[in-house]
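Novice: The lines below spell out each chain.
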Amino acid sequence: GQQLNQSPQSMFIQEGEDVSMNCTSSSIFNTWLWYKQDPGEGPVLLIALYKAGELTSNGRLTAQFGITRKDSFLNISASIPSDVGIYFCAGPNTGNQFYFGTGTSLTVIP
Amino acid sequence: DAGVTQSPTHLIKTRGQHVTLRCSPISGHKSVSWYQQVLGQGPQFIFQYYEKEERGRGNFPDRFSARQFPNYSSELNVNALLLGDSALYLCASSLGVRTDTQYFGPGTRLTVL
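Residue numbers (this note's numbering), protein chains in the order written: chain B, 1 to 110; chain C, 1001 to 1113.
It is worth saying that the hints were derived from the structure and are not from the lab. Heads up, a few of these hints could be off.
To be verified - Derived pair list, reagent style SDA-like, types lysine to any residue, alpha-carbon separation capped at 25 Å:
1. B:K70 - C:G1058
2. C:K1013 - C:V1097
3. B:K36 - C:L1088
As the list claims (entries may be wrong) - Every beta carbon over 10 Å from chain C, so not counted as near; a handful from chain B, in silico:
4. P8
5. Q14
6. S26
7. L33
8. E41
9. L46
10. G53
11. L55
12. G66
13. R69
14. S77
15. T102
16. G103
17. L106
Glycine included, each C-beta is placed from N, C-alpha and C at the ideal position.
Produce the entire structure from the sequences given, and follow the hints as far as they go.
Specialist: Structure below.
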């Protein structure tokens, strides 16, 4: 099946630092989504991307849909303690199956 | 308005048993999807139901089945439980068949002993 690989697997950063993470796929996606999951809860949608090359922001979060349609990037500026969690890229394929990435665990040190 | 609700919150079963998990979508949402999330991994897609019909199926054995009721709530059934079925089972709902704007419930934590 589809494999969405995220890197880095985990990050430990100081409060106030910027964060960058990415997601790559073995095949083309027409929609890229980024979710955040807190412990004991379901994922929450952060940003949705629908067009190759698209750059979209949501507050301190910015995500880009890669031109090849096989990758996407998420940046978080000026991190704060509540940014702690696991970030997943995700997307549906043409067969109406939905795939999540392997996740990036973010720890923010105050 | 209530979000997606799932029951039970936690469940402990033994190998070989059967389990039924329940999900109520956000009011007005007609699609429900089910995911399995093993500890330390991303959620894996199991099923999508829209208007009571299966619209998508992931790579899971036939021991896994689901259905959607006229009120759009859904059940996920797993037969002949294995230790490896221990996971967080997530339900998500969306207005239509598209899953790009789905909302997730808190999940049911299933432990198989």
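Novice: Each hint needs a verdict: does it hold in this structure or not?
Specialist: Okay, the hints, checked on the actual structure:
1. B:K70 - C:G1058: holds, 21 Å
2. C:K1013 - C:V1097: Roughly 33 Å between the alpha carbons, so the hint for C:K1013 and C:V1097 is violated.
3. B:K36 - C:L1088: Holds: B:K36 and C:L1088 sit about 16 Å apart, inside 25 Å.
4. P8: holds, 15 Å
5. Q14: holds, 25 Å
6. S26: Consistent with the label, B:S26 stays out of reach of chain C, its closest Cβ about 15 Å off (over 10 Å).
7. L33: violated, 6 Å
8. E41: Non-interface label fails for B:E41: nearest chain C Cβ at 6 Å, not farther than 10 Å.
9. L46: holds, 12 Å
10. G53: holds, 18 Å
11. L55: holds, 18 Å
12. G66: holds, 17 Å
13. R69: Label holds. Min Cβ-Cβ 15 Å, cutoff 10 Å.
14. S77: holds, 24 Å
15. T102: violated, 6 Å
16. G103: violated, 5 Å
17. L106: Holds: least Cβ distance 15 Å, greater than 10 Å.
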